[in-house]
Amino acid sequence: MKKGDKIVGLIIIILITISLLFLGIYRFINKGDKLIAKIIQDQEVIKVIDLDKVEEPKEWTIENEEGHHNTIRVEKGRIRFIEADCPDLVCVNSGWLSKPGDIAVCIPNKILIRIEGKDDEVDQISY
Amino acid sequence: MVFLILLVLTFSGCSKEKTSEVISETIYALGTVIDIQIYDENVDKAKKAIQESIERITEIENKMSVNKDISEVILINENAGENPVQVSEDTFYVLKKAKEYSKLSNGAFDLTIEPIVKLWGIGTEDARVPEKEEITSLLNLVNYEDLKLDESTNKVQLNKKGQAIDLGGIAKGYAGDEIKRILLENDINTAFINLGGNVVTLGTKVDGSSWRIGIQNPLGDRGNYIAVLEVVDKTVVTSGNYERYFIEDGKRYHHIINPKTGYPAEEGIISSTIVTDKSIDADALSTSVYVLGLEKGMELIESLDNVDAVIITEDKNVYITEGLKETFNIVDDSFILAN
Amino acid sequence: MTNTKRIVLLSLLVGIALIIYVIEAQIPVIFPGVKLGLANIISLFTLLVLGWKESLIVVILRTVMGSIFGGSISAFLFSIVGGLLSNIVMILLYKFFRNYLGLSSISICGAIFHNIGQLLVAAFIIQDLRIYIYLPILLISGVITGYFVGISVGFIYKYFKNFPWIKDIQKGQN
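For the protein sequence lines, the chains are A, B and C, in the order given.
With this note's numbering, the residue at position 78 of the first sequence is 78, and numbering never jumps.
With this note's numbering, the residue at position 303 of the second sequence is 430, and numbering never jumps.
With this note's numbering, the residue at position 134 of the third sequence is 600, and numbering never jumps.
Treat the hints with care, since some could be wrong.
Straight-line distance between alpha carbons at most 25 Å, and here's what the computed PhoX-like set of lysine-lysine pairs gives [what the hints assert, rightly or not]: (1) K174(B) x K405(B); (2) K38(A) x K332(B); (3) K47(A) x K443(B); (4) K624(C) x K3(A).
Distance ranges between label pairs, derived from CB positions [stated by the list, open to error]: (5) T331(B) x K6(A): 48 to 58 Å; (6) T71(A) x I489(C): 23 to 33 Å; (7) S461(B) x I18(A): 39 to 49 Å; (8) T71(A) x D314(B): 44 to 54 Å; (9) S147(B) x K6(A): 51 to 61 Å; (10) T71(A) x I485(C): 43 to 53 Å.
Honestly, the hints are just simulated from the structure, not real lab data.
For glycine and all other residues, C-beta sits at the position ideal for the given N, C-alpha and C.
Let the sequences and hints guide you as you build the complete structure.
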């Protein structure tokens, strides 16, 4: 080990600690008793699902303008990508999302699933 | 370091909230439940505003209801084809608006529909499907042109005997606007009012975000919404075939009567929602759009400034106007955004 | 003579980098964004043997050609930003701090910046900074893969630097 290696090591350890700290803060901010999954395509929320209220498991496929697709599955309390035609399959490998703050993305198809823990109910219903 | 800065930005989105109290009141008036909810630090001020609102609603009801012993509207109906009736500024304004929208919608909304509505009796115990002859004989009484409004004297008259008006829906819209005005005059800037499904909002929510208004699922239970609309300082009014109806011989008859046919409107729409500034406009327009059908309804809305609409058709397709593109989200995926 | 040798070696290295890159793309990722970064072995090796310009050429050619062989625009953007950022960091560290830093440290820094670059692109494409929750895992994985790459390059370099023609190239360079 050279002298500089120790400095690099120290900097990296500090970086990791800070990033973990931020992760903790992020989790804390997103805390809540709700499990609201938001599916966002091209920066637009296309679907909001209250995961606690899912009775039957359900799957559906989202297609984007270029014809690419991602298949999403919801079960009670959790949601995930189960299939996609993107090359890296990062979205599928993200596995189940079940906690507020969880995120899964498919960058090539620009789809993001996010779980929010805050009450996201409507204020009023127009009928 | 760039990403650290970005990280900090990510988490700095929360702001301090004011300590607002929630002051709410539920009133039964104008044949419906009226819910007022005020968010303000000053409880006394809010209570005073609510008190003034209740008085105003009672006043409006006394002038415009047809379910009282006496009201200005009942007087107009009783004097149809006979004498002009002197009415208050309030009633005159609402009648004028109603006539305006009757004209604008080319009779799809018609304030003189009352004789036919009464014949059907939808929403009452006597609801029934009338004979065809009964409808055709009453249909010639439905004509908004027969309502004469004299601006200079506030005198009102229906030309033919047997003609009648019912300001039900549009009076509800007017009451919503009046409550909003009273709250604003009392320096209340965060509140919502729900008049039997007509939503009126003041400003933004306490945290500065938009109000989230659910659109009732026309095929589901009350409280079940298919989409969420984010609004600031707007009113949202929905007309649907699920509000009042009866079923005879397996067929559903709802309360929105097409003034041209005398039968419940069946133009393929099951729910129409209007988003605009004034509830009185929204009420008349949501009925108009429902009766006009998708194509003509959309045409009407697009011809108006500052008015947006959400239309749901029988085949569960949802159509929205350009102005709602950013703020409208479907949450029930059995409904499909079609445009 | 050395010039031809350099070009031959460079082409060879680009070829190997490309092969590794394509094979690596087939290995399923264990965690979103975590890649072994084996192709980095070649860019670091090139940096040691041929110099920084050649190292950049390897990275750019590898990504461009790799993306032609199968990849989308966004995959290309990912690789090029991550690859260049990582490469530039390694070049700078090697140029100015090589006497104070071990190969592994240089390559760990490279790997970390590779991941940060990818995260930046991801945040840019998806327009959601919350994607930064991946940062800790990407930092840690950067340390592990970077260390592995550093050791590998150390071995390879130790073995190859005694090859006469590599010696020639290095002499010509200096």
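Could one say that the CB atoms of T331(B) and K6(A) fall in the range 48 to 58 Å? Since the Cβ atoms of T331(B) and K6(A) sit about 53 Å apart, the hinted range of 48 to 58 Å holds.
Against the 25 Å threshold, does the CA-CA distance of K38(A) and K332(B) hold or violate the hint? holds, 21 Å
Could you grab the alpha-carbon distance between K624(C) and K3(A) and see if it respects the 25 Å cut-off? Given that 25 Å is the threshold and the Cα spacing comes to 21 Å, the pair holds.
Hinted pair K47(A) and K443(B), Cα distance within 25 Å: Holds. K47(A) to K443(B) sits at ~16 Å (cutoff 25 Å).
Using the C-beta atoms of S147(B) and K6(A), is the stated range 51 to 61 Å upheld? Given about 54 Å between the Cβ atoms, the range holds.
T71(A) paired with I485(C), Cβ distance criterion 43 to 53 Å: Hint violated: Cβ distance 32 Å, outside 43 to 53 Å.
Distance restraint between K174(B) and K405(B), which requires alpha-carbon spacing of 25 Å or less: At roughly 24 Å apart (the allowed maximum being 25 Å), K405(B) and K174(B) satisfy the hint.
Does 39 to 49 Å hold as the CB distance between S461(B) and I18(A), or does it fail? Holds, since S461(B) and I18(A) (Cβ atoms, about 46 Å apart) stay within the stated range.
Using the C-beta atoms of T71(A) and I489(C), is the stated range 23 to 33 Å upheld? holds, 27 Å
Should the hint that T71(A) and D314(B) are 44 to 54 Å apart at their CB atoms be regarded as holding? 53 Å Cβ-Cβ, so the 44 to 54 Å window holds.
The structure shown violates just one earlier hint, number 10.
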